[in-house]
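> Chains as they are written, first to last, in this note's numbering: chain A, 4 to 343; chain B, 4 to 343; chain C, 4 to 343; chain D, 4 to 343; chain E, 4 to 343; chain F, 4 to 343.
One or more of the hints may lead you astray.
One copy or two, it doesn't matter: identical chains are merged, so the pair holds either way.
Below, computed lysine-lysine pairings styled on BS3-like, alpha-carbon distance capped at 30 Å [to be verified]:
#1 LYS129 - LYS6
#2 LYS104 - LYS230
#3 LYS302 - LYS111
#4 LYS61 - LYS211
#5 LYS110 - LYS230
#6 LYS61 - LYS302
#7 LYS61 - LYS110
#8 LYS334 - LYS111
#9 LYS61 - LYS230
#10 LYS104 - LYS302
#11 LYS81 - LYS5
#12 LYS302 - LYS110
#13 LYS104 - LYS81
Everything labelled a hint here was simulated from the structure, so no lab data went into it.
Protein chains: 6
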Amino acid sequence: MKKIVTFGEIMLRFAPPGHQRFVQTSVLETTYGGAEANVAVSLANFGMDSVFITKLPKHEIGQAALNELRRYGVDTSKIVRGGDRLGVYYLEKGASQRASKVIYDRKKSAIAEAEPGEFDWDAIFKDAGWFHFTGITPALSKNAAAICLQACKKAVDKGIRVSCDINYRKTLWDRDQAREVMSGLMEYVDVCVLNEEDAADVFSISAKNTDINSGILSHEGFIEVAKTLSDRFGFSIVGVTLRSSRTASDNLWSAMLYDGEDACFAAEYPVHIVDRVGAGDAFSAAIIYALMNDYELQKAVDFAAAASCFKHSIEGDFNQISVAEAEALMKGGGSGRVQR
Amino acid sequence: MKKIVTFGEIMLRFAPPGHQRFVQTSVLETTYGGAEANVAVSLANFGMDSVFITKLPKHEIGQAALNELRRYGVDTSKIVRGGDRLGVYYLEKGASQRASKVIYDRKKSAIAEAEPGEFDWDAIFKDAGWFHFTGITPALSKNAAAICLQACKKAVDKGIRVSCDINYRKTLWDRDQAREVMSGLMEYVDVCVLNEEDAADVFSISAKNTDINSGILSHEGFIEVAKTLSDRFGFSIVGVTLRSSRTASDNLWSAMLYDGEDACFAAEYPVHIVDRVGAGDAFSAAIIYALMNDYELQKAVDFAAAASCFKHSIEGDFNQISVAEAEALMKGGGSGRVQR
Amino acid sequence: MKKIVTFGEIMLRFAPPGHQRFVQTSVLETTYGGAEANVAVSLANFGMDSVFITKLPKHEIGQAALNELRRYGVDTSKIVRGGDRLGVYYLEKGASQRASKVIYDRKKSAIAEAEPGEFDWDAIFKDAGWFHFTGITPALSKNAAAICLQACKKAVDKGIRVSCDINYRKTLWDRDQAREVMSGLMEYVDVCVLNEEDAADVFSISAKNTDINSGILSHEGFIEVAKTLSDRFGFSIVGVTLRSSRTASDNLWSAMLYDGEDACFAAEYPVHIVDRVGAGDAFSAAIIYALMNDYELQKAVDFAAAASCFKHSIEGDFNQISVAEAEALMKGGGSGRVQR
Amino acid sequence: MKKIVTFGEIMLRFAPPGHQRFVQTSVLETTYGGAEANVAVSLANFGMDSVFITKLPKHEIGQAALNELRRYGVDTSKIVRGGDRLGVYYLEKGASQRASKVIYDRKKSAIAEAEPGEFDWDAIFKDAGWFHFTGITPALSKNAAAICLQACKKAVDKGIRVSCDINYRKTLWDRDQAREVMSGLMEYVDVCVLNEEDAADVFSISAKNTDINSGILSHEGFIEVAKTLSDRFGFSIVGVTLRSSRTASDNLWSAMLYDGEDACFAAEYPVHIVDRVGAGDAFSAAIIYALMNDYELQKAVDFAAAASCFKHSIEGDFNQISVAEAEALMKGGGSGRVQR
Amino acid sequence: MKKIVTFGEIMLRFAPPGHQRFVQTSVLETTYGGAEANVAVSLANFGMDSVFITKLPKHEIGQAALNELRRYGVDTSKIVRGGDRLGVYYLEKGASQRASKVIYDRKKSAIAEAEPGEFDWDAIFKDAGWFHFTGITPALSKNAAAICLQACKKAVDKGIRVSCDINYRKTLWDRDQAREVMSGLMEYVDVCVLNEEDAADVFSISAKNTDINSGILSHEGFIEVAKTLSDRFGFSIVGVTLRSSRTASDNLWSAMLYDGEDACFAAEYPVHIVDRVGAGDAFSAAIIYALMNDYELQKAVDFAAAASCFKHSIEGDFNQISVAEAEALMKGGGSGRVQR
Amino acid sequence: MKKIVTFGEIMLRFAPPGHQRFVQTSVLETTYGGAEANVAVSLANFGMDSVFITKLPKHEIGQAALNELRRYGVDTSKIVRGGDRLGVYYLEKGASQRASKVIYDRKKSAIAEAEPGEFDWDAIFKDAGWFHFTGITPALSKNAAAICLQACKKAVDKGIRVSCDINYRKTLWDRDQAREVMSGLMEYVDVCVLNEEDAADVFSISAKNTDINSGILSHEGFIEVAKTLSDRFGFSIVGVTLRSSRTASDNLWSAMLYDGEDACFAAEYPVHIVDRVGAGDAFSAAIIYALMNDYELQKAVDFAAAASCFKHSIEGDFNQISVAEAEALMKGGGSGRVQR
């Protein structure tokens, strides 16, 4: 099967153990993550040929990040080496009424400072069939946005399918900046993934009868959002993750897929949260897998909701789930009996 | 704003990691806590000038306890140094049907053995506007009870408001001893905090229609208890924490505040428990904060219930919560969405 | 009181910390367990004279396993030393929709390779009143099955009561092998313990109206199963554990005891799972304790359900629960209030 | 072979990990130790029937200490249960020029508060051939000293050989108290063990030409000390450990044994220190083993120096060394090649 | 005694546990450090009124750094809050022939981006008697250099004594930049501290007959260097640390102090290294302490060499040593006998 | 450059933390290793195209081992998947006089049970220039020996250079078995690596004037050994590691290389040991690197001794060292100064 190229940032993530707060901990546990790297690893775990493109410093901390990708079978041979620093983020895991907190320290990272000329997209896209990025990457810097645009154009030229997770981050840019840049990129995008807040934040498209904070999500509202987006930007597929956040410990999780005509909804899973970071990325990866494997719409959303449901039960940013596991869950196997 | 002086004990706390039992663990995690120290730290976390008074050994273990208070901004400059040992307690965290267990090893601690002459209350109460202690301190020893009485008298003389959390501990003294000593101290107390069991244990005042073990708590019963206490001892404010313990993993948490006329109840929070030790202390600290900042009765109990609700989600004895966080929760923000 | 002899395997258990998956962890936490060793330790924790029989390598890893049994007061003096290796198993703890996983590496262990002539059952059974084994032991190897048979015969000769937990493990043998060997052993067994799947797997006896995966368990169906087993093999007592697995984090737990005439059911406990491995073994141990102490049928099943309910809240294979704790729970004390 | 009864205290030991100082650590690692418990475990590790006598609280912390002894095969069946607390000590491990620090919190422990009537020495000494205690036990309290005297008298009556390690601790009593009490006990002692400081501290007998702080130890001086002690108290054997402390990381270690006529010295080992606590106790245990097995004087001191040399390379108070290992070292096998 | 004001950066430090390398670790241990913060903490540990000035982000990571200073008693009330990020550095500890490695990620930190107008030096220097900074601070950014200059001028105006540790870091600036900026600052400095490399790197003044890599250090050469510096910049005191690095595990450590006339050398300590980061800072702190307490030159260098010798045995950047401990070592107490 | 193919076993390694013994630990730290895997990783760390061939179970524990190789850039695409179990070994790290201990549990591992037909050597050797194995692999089983022979023949057929590290393990086979099998394989080997014991154990060729246990190694003796081997088997290169084991904490390390005419010796390094497992494998890898890069004999042995010297300072089996680091050490840079 053709390769999937993902472009973006991988960061070093520091989190206090268990449910400790930042100000009380004397230990910060160490993993790696980033929206696009999460997609790349999840795809490798699905057995796909997954290529991750970024820029990493030459020093050992950069090497350790590269090693972590390589450990899960991601092709890192096209990663550009250089620059000063690896982006960092700090995560405090919430519980019960206390929300999780993320503090980013990713400015001036090697990838944010990278130059468009450093990436040889012809070589990168050799044997590729899919290109994925998220709305975080163009938010990193003007250079990063330019590289995204460059990659999108090249991909479309080569007949490579392009997907994008909107992934709006208000600490990286404001809504106006996001709308302007993202709108420009959307013309190259064929498959668009977003969550219940992104459409409103970036494109001022709100689902009716939905109050995110109260956890009320309206199916009809989201179909309307997807249709509006699809009409405006010509997406062939729009995927939406649907989260009802009751407390930091327990959520409901589902998803919708819209193909311009029909909307299919997945089952709703009650999730007891181990680590919810990366659930959206797990969803994107599963959508890419499903579409590359020609799943029908309902099967695709069922698979993607199941795969990303699992992410909530897994430590770290990366979704450590196989295709077989996701398929077993989408067929009803969520009772959690011990597998011996 | 004026300083808040809290007097009592800080102990070294040892707990097996996770949900291990004492007899199986080979590690004991180390933090510090004690009812009064918890109040002092919580107030410092609210940004108040918080002064903690105790006696600590001169050796490095005593110094480490002092350092932990200092780390959170508590004024430790008036702590008396000397004596033999720091009190210790062992905590085994429960789960599901298995209750948490506490084993105290606090006898003969430096503060229990302290002499009344060692504390210069005139110096300690300089610029102070509030004095807080709990029913644990006078239970430590006759000396400790005498020092409490000394401090209460001096506080009242100086026009400093006095609060007390009844905090009955049956392993420290029996009900008769507690009733006699606490009744004597209550005449100096203006704000009284207690939980659903204390009034019955210490003052033989029971809430009607309430069965603590079955988790049935009657609002009317608690109003009656507060009124009886208020009438008997002349408290201007009585605060009661209301816990429905369903399992060691999940509780309901609420609170009541009574001002001699009106009783206000806070919302009831379903809490998924990380560490419930110190929830009552978090409530006391929040009541003190609310009253020093002239909150109205309903707002005060809402704030205090929210602040102490958070304590259940936080490791260790100390409530690591800011005023802004507690206010956000009392306004409804408990859905636990990630804050980026 | 007479001694209880348990025969089987103790393994070294490796598990990633918390909810990490095998492929992402860089640490494997270390404990010991095995169906029969779990019963032996649980009985020692109940204060019984508990003797564990196995074969362990002479090297330090074998010694460490023996030490762990000794730590909890199990009599290890009759354990045979020799052979090459200690069996190992790997446990990945599930959460939410993700099930726990067990990978066994127990082939060719010292006990699986042991010879019948190595065990002096006359000496072992001195002062013994009970012999217990599980269906795992004869599944280890032909030799192990032969030793089981030898032990059963000797026990019956000496008037020692014999109990067996069916404990079918499909990775050790297939259903036909299990049926043949287990049927031969059942003639010596007086007390039979099994779970909701074992009767169907091994003896092709299914509870009607029960769908294990959907968590629907029919009381009538299990009475029928117990009666059929009792009639076929002459058991005086049949105990069945009843688990409704909703997710890997939350289960319902109950049990039934049948004495050939009456069936008694215990209360159903909603359990929030810390570690569910060994719950069935905790049940067996409690049944043995109850019967050796002449508990009536209802009290016996209440005690055994309560004791094994607790296992779900305890890390590791061994049930670290006293008789007093189990009795408190069976009398209703599961609200989890802190015990100070 | 006859049993060896050791009487004294076992404490919970807390130590910062690695070389952290008390005031900076947020973790305290947990083990158990105490001079006499160390001897009991070391003897069990040599394969001897080792009985430890103390008093331990009934609560789970007391049980955990008992379990730790049981884990290594020490007979704990005669331990008296009751009292309030387990003694605690804090250990900060030194390195290079920085010395290790010990802070004791052992006052009012269960054994210090025990009453003479609680120990049934006739039952305890059944089948015993040796009784050992150290100078720490009578220093704990007057009661503890009385129990020691009681035990010594009973042992001598029964023809049980008595050994004592002088083990002077200046934080428990002063030199005058020690001299008075220890002199009274010495009349029952047959084998006396001490280090390079004890004789001077307790009996005012100094080795000539020796400056402990500078690490200069004179063989002749120690022979003179041993002879003086032997003459004064009628010891048949005097054992002396000889430590040259160069830094907290590197010491020289040797020992002398004197039988009233001859003095034999062991080889001097350069030790790179992992944990030096309990080296003297390891020496005592090895002397007891050697004498019970009728080793000649030179072989006995060689064995004891080798066994206790190993203690410096082992974490925790207990000497985890077999007879075979100690014998291999005394025969020259200290080059540390990997044993596969 | 007057306050000591230290100005500079505190960073979050990440280090693999033990001797693991960056590329193999899955844990990074977390502490805080920075040349000037290390001096401030060491002075607080000496019991001095130590004030640390920096700029820290308002978020919880910034707060955690502030808390760590506060824990050791440093006055943090004048720290400016704001800016984006806390500087970070990664430390890999060497062993044997393998050197330690430091990777800085401190660009664009809050203090590097601070503006001169943010610091109210009049308020900061209230009751101050000493001002200390190092050559790292002006290397952070032009702004930081300007703030240093501003502070130096203000200090000299107020009669506050100024000390500077040259501390050349080639990754922050090149030699020419350093020479220019540092030469301008030196005119305000009265006490100059440097190591065996700094004078050559920054001021092109080399000690004769010294080859740092081979570990040969010439006393005469260093006196000449100190005299040259003293003559050129008018320092009243020049302190030099003298390290012979044999391997990453073992060094020799000594120091020299020169007062314009005489040069005094301390004893040379063989150090077995636990963590050598911050040894120079420990030396600076001890020089400041010694001079503020009017130690004579020889006593001052003996004290400072001893205090900083200890740093090699202590985990983390901060020197956790009291005056009493340093004095005991300078009087010869380095044999490392256990202190009970 | 051409690929290097290494064939053998990778095991899961369990070791108590620090210097704990097996019988006292409650944690076993987890890494991966095995003589041939160590060579493969070390070569990948040198930047070579390193291919590792083995057979690994399909389950997650097998996958985790594969991931660990992949993490360091080893090509794992030709690894055969299947079989029951991953080999395991237990390592107890020694210190001072106490030697390290290894307990193997590697029998019946997937690679030991593999069949010759499972490996497609034509595909494996595509683009390969070197084949390496050690004497451990043929010792695993007859099948493994047959596969080795098969691979050797194929390699020689294809003109691929073959190297072998004798690596005698007495727990896997006896000397006679080893001599017979290894002699047959040696005819295909061009470069032979061994340590000071192997020649005597396997080929009965002893170095004169050498006593391994006393640490006396004779240069002339080893030249004689190398010459004898070279003459007997036609090796073009013989490499010998030279270890003087003084204690388990400190060794001397050097090496010799002989090319049939000349013998070159490397410098002797005093190593302070962090983890000495894999030093010989690090040496083999460095020899292969040096020879593939056409280093002269002296430079080759200098490089290999330096690279493997570093292994003693690195945790785990794998040598985490770059070519640049090894070259810096061979040029004299072993003083361990911090690299910032």
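> Indicate, hint by hint, whether the structure satisfies it.
These are the hints, each one checked on the structure:
no. : hint            : result
1   : LYS129 - LYS6   : both (8 Å within a copy, 23 Å between copies)
2   : LYS104 - LYS230 : neither (33 Å within a copy, 42 Å between copies)
3   : LYS302 - LYS111 : neither (41 Å within a copy, 42 Å between copies)
4   : LYS61 - LYS211  : neither (49 Å within a copy, 37 Å between copies)
5   : LYS110 - LYS230 : neither (35 Å within a copy, 45 Å between copies)
6   : LYS61 - LYS302  : between (43 Å within a copy, 27 Å between copies)
7   : LYS61 - LYS110  : both (18 Å within a copy, 17 Å between copies)
8   : LYS334 - LYS111 : neither (45 Å within a copy, 37 Å between copies)
9   : LYS61 - LYS230  : neither (45 Å within a copy, 42 Å between copies)
10  : LYS104 - LYS302 : between (34 Å within a copy, 26 Å between copies)
11  : LYS81 - LYS5    : both (16 Å within a copy, 21 Å between copies)
12  : LYS302 - LYS110 : neither (39 Å within a copy, 41 Å between copies)
13  : LYS104 - LYS81  : between (33 Å within a copy, 27 Å between copies)
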